[in-house]
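Asks: Given chain E, work out where chains R, F and B should sit, using these hints.
This is what each chain is made of:
Number of protein chains: 4
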Amino acid sequence: MDSRHYRKGRMDNPTNYTIAINKLRERGVEVEDIAKITHELQTKYIKDLTLEVCIEHVTRVILKREVQHAIFVAIDLDVLAEKKMLSEPLQSIVESDLGLFGVDEILALSVVNVYGSIGMTNFGYVDKLKPGIIGHLDNEGKSEGRVNTFLDDIVGAIAASASSSVAHNYLG
Amino acid sequence: MDSRHYRKGRMDNPTNYTIAINKLRERGVEVEDIAKITHELQTKYIKDLTLEVCIEHVTRVILKREVQHAIFVAIDLDVLAEKKMLSEPLQSIVESDLGLFGVDEILALSVVNVYGSIGMTNFGYVDKLKPGIIGHLDNEGKSEGRVNTFLDDIVGAIAASASSSVAHNYLG
Amino acid sequence: MDSRHYRKGRMDNPTNYTIAINKLRERGVEVEDIAKITHELQTKYIKDLTLEVCIEHVTRVILKREVQHAIFVAIDLDVLAEKKMLSEPLQSIVESDLGLFGVDEILALSVVNVYGSIGMTNFGYVDKLKPGIIGHLDNEGKSEGRVNTFLDDIVGAIAASASSSVAHNYLG
Amino acid sequence: MDSRHYRKGRMDNPTNYTIAINKLRERGVEVEDIAKITHELQTKYIKDLTLEVCIEHVTRVILKREVQHAIFVAIDLDVLAEKKMLSEPLQSIVESDLGLFGVDEILALSVVNVYGSIGMTNFGYVDKLKPGIIGHLDNEGKSEGRVNTFLDDIVGAIAASASSSVAHNYLG
Chain E
1 MDSRHYRKGR
11 MDNPTNYTIA
21 INKLRERGVE
31 VEDIAKITHE
41 LQTKYIKDLT
51 LEVCIEHVTR
61 VILKREVQHA
71 IFVAIDLDVL
81 AEKKMLSEPL
91 QSIVESDLGL
101 FGVDEILALS
111 VVNVYGSIGM
121 TNFGYVDKLK
131 PGIIGHLDNE
141 GKSEGRVNTF
151 LDDIVGAIAA
161 SASSSVAHNY
171 LG
Chain R
1 MDSRHYRKGR
11 MDNPTNYTIA
21 INKLRERGVE
31 VEDIAKITHE
41 LQTKYIKDLT
51 LEVCIEHVTR
61 VILKREVQHA
71 IFVAIDLDVL
81 AEKKMLSEPL
91 QSIVESDLGL
101 FGVDEILALS
111 VVNVYGSIGM
121 TNFGYVDKLK
131 PGIIGHLDNE
141 GKSEGRVNTF
151 LDDIVGAIAA
161 SASSSVAHNY
171 LG
Chain F
1 MDSRHYRKGR
11 MDNPTNYTIA
21 INKLRERGVE
31 VEDIAKITHE
41 LQTKYIKDLT
51 LEVCIEHVTR
61 VILKREVQHA
71 IFVAIDLDVL
81 AEKKMLSEPL
91 QSIVESDLGL
101 FGVDEILALS
111 VVNVYGSIGM
121 TNFGYVDKLK
131 PGIIGHLDNE
141 GKSEGRVNTF
151 LDDIVGAIAA
161 SASSSVAHNY
171 LG
Chain B
1 MDSRHYRKGR
11 MDNPTNYTIA
21 INKLRERGVE
31 VEDIAKITHE
41 LQTKYIKDLT
51 LEVCIEHVTR
61 VILKREVQHA
71 IFVAIDLDVL
81 AEKKMLSEPL
91 QSIVESDLGL
101 FGVDEILALS
111 VVNVYGSIGM
121 TNFGYVDKLK
131 PGIIGHLDNE
141 GKSEGRVNTF
151 LDDIVGAIAA
161 SASSSVAHNY
171 LG
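Residue numbers (this note's numbering), protein chains in the order written: chain E, 1 to 172; chain R, 1 to 172; chain F, 1 to 172; chain B, 1 to 172.
Some hints could be false.
Said to hold, decoys possible - Rough simulated footprint, nothing fancy, chain F against chain R, three-plus residues with beta-carbon under 8 angstroms:
#1 58–72
#2 92–106
Claimed, not checked - EDC-like, lysine to aspartate or glutamate: derived pairs with alpha carbons at most 16 angstroms apart:
#3 Lys128(F) to Asp138(E)
#4 Lys128(B) to Glu82(B)
#5 Lys142(E) to Asp97(E)
#6 Lys8(B) to Glu40(B)
#7 Lys128(R) to Asp97(R)
#8 Lys128(B) to Glu40(R)
#9 Lys130(F) to Glu140(F)
#10 Lys128(E) to Glu40(F)
#11 Lys128(R) to Glu40(B)
In short, the hints are calculated from the structure, not lab data.
Where a beta carbon is used, it is the ideal one built from N, C-alpha and C, also for glycine.
Bound conformation, chain E alone:
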């Protein structure tokens, strides 16, 4: 599944889509990993929903400029924290994934908003339960030298946005 299958929307950037997908892959996240969370979120409402359809919607979400920007900022901040290149106290806050930080959630909000406020509920839900790749990223982030403080929230936000996109498509 690649972005060439899609009519370019006004808010889409196909070039940066490929870069975003590659950056996510370098951090261990595949579109299909995100789509599995979307599928899990929506399958209870849409009986015959396939993983393939969820992959399409995750792709549509990542095609959006604002989502790409959030991905770029999130991954750079995680990587810079791994390299100890943030200033204190931010370095320690991001390294330790401080629960009271809040900037990771607000960055995720900019992704969730792309498909309307109904995405917020799904985001909060997966951010709390950490299904699939989100839980993997969360655990991996606890290991020495690895920081996923921003990425796990962004992945949850993309999965939640794709769920909203699916809902608008099937239930709208």
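Replies: The following block gives chains R, F and B in isolation, referenced to the frame of chain E:
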């Protein structure tokens, strides 16, 4: 300009578009009035921007389900306040357009978010300066028996979202 | 537990606090019902957290002007929908608690934001799982003549905000 | 004016307040510069408002943990962009202060939300008109080797939040 000219997007509802347009018209707001504000906001960045193009983008914004819902809630609350059908202290708060209310801004935010966070700046700007129809609604709302507490914010939010849509189209 | 125990904060309105509490009670919601959800959310992080402390934080949340305004709007819209006094299609959307509505979530967001973006996660979680009074309101809202479309989200948002308040207090 | 004059609120962090103030100063921003914008925003509503009072409210805003986190992230991203340490395409996006970026606005939103949605309007207004220090930062950011992409939005957001705080204090 009507909604039939547009390919239906996943988040669009053409039936409710017509209802939303009629409700806005009943409250004295035409798509062109909103488009004029969008044009004023974007013409400094895009030299050859026409009002016709702004009308297209305002139409696209109002085609969106989440925007229509905000319009319906905003207009009903204004009308119910005119009929003194809200309970106290909400009735007095909405009637007097209390500056510290906040719910009018948050409802507008759900409209602005549809085209990403860049719309926030334009919303705040027009909400403060009240150009064109927004100023008219604001003044009209001060007259006996008329309440535009929610509507002027929603109109500003639609104009701001259309500006973001134009910006994504021309500058993206 | 009443609001007189608290120093008035800049954003607090003690008079409207009492009105908000009474309106919630008329709709079948006690501060303690909301505090139980907050307790359930935070007890895993703060071992010795008592329900009494959660009641204090829920009270602090409801003391805030912006939260009171969201409560007033939410309850009025539910009650007006019960009385069939909203215009179509809003009347049907609110009566049926349409999943794609979005305005209920955005109104809840104005409550959640009062204690920062970390509240979003807890809001989404309880909005999905519907523990305690939220589940009760959700079921009750499905019965003929009763509408809780906005209230269940507001209650979840208050519980989530109180959780953030508790977290800032103990973990800050 | 220092933070010791204030009762510590649940969401305040006095230690990081001092660090935040110093980081802002290193980037050429004094509390008084921000307070002047707040004063300009509120003096039309509150006749006898002094700059001293605005300084107090700006201080209160910067005492808040969530605001400090936004300041730390904003300044680090600007500085890292100056050092060409962000990855492409983010490096070019931040360096050029791309209008369609959106992450700067969303980070500012996390600051604005601290005093409720009424802050949004003031944020959008100053972000557009760029009074005082904001205009200075914006121009400075256009010069070779200097990046203020995130900082000017954060400063506008702090000024807008302080305006909300003043409004809640005087008009509430």
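Asks: None of the hints should be skipped; say for each whether it holds.
Replies: Here is how each hint holds up against the structure:
1. For the segment 58–72 of chain R, the stated coverage by chain F holds: 5 residues have a C-beta nearer than 8 angstroms to a C-beta of that chain, and at least 3 were required.
2. With a cut-off of 8 angstroms between beta carbons, the segment 92–106 of chain R has 6 residues touching chain F; three or more are needed, and the interface restraint holds.
3. A C-alpha spacing of about 21 angstroms is found between Lys128(F) and Asp138(E), which places the hinted pair above 16 angstroms, so the restraint is violated.
4. Using a Cα cut-off of 16 angstroms, the hinted pair Lys128(B) and Glu82(B) is violated, with the two alpha carbons roughly 24 angstroms apart.
5. The hinted pair formed by Lys142(E) and Asp97(E) meets the criterion: a straight-line CA distance of about 9 angstroms does not exceed 16 angstroms.
6. Distance restraint check for Lys8(B) and Glu40(B): the Cα-Cα separation of roughly 27 angstroms exceeds the 16 angstroms cut-off, and the hinted pair is therefore not satisfied.
7. For the suggested pair Lys128(R) and Asp97(R), the alpha carbons sit about 14 angstroms apart, so the restraint of at most 16 angstroms is met.
8. Between the alpha carbons of Lys128(B) and Glu40(R) the distance comes to roughly 13 angstroms, so the proposed pair stays at or under 16 angstroms and holds.
9. Restraint check: the Cα-Cα separation between Lys130(F) and Glu140(F) comes to about 13 angstroms, which is no more than 16 angstroms; the hinted pair holds.
10. Taking the CA atoms of Lys128(E) and Glu40(F), the gap is about 13 angstroms. The hint holds against a cut of 16 angstroms.
11. The hinted pair formed by Lys128(R) and Glu40(B) meets the criterion: a straight-line CA distance of about 13 angstroms does not exceed 16 angstroms.
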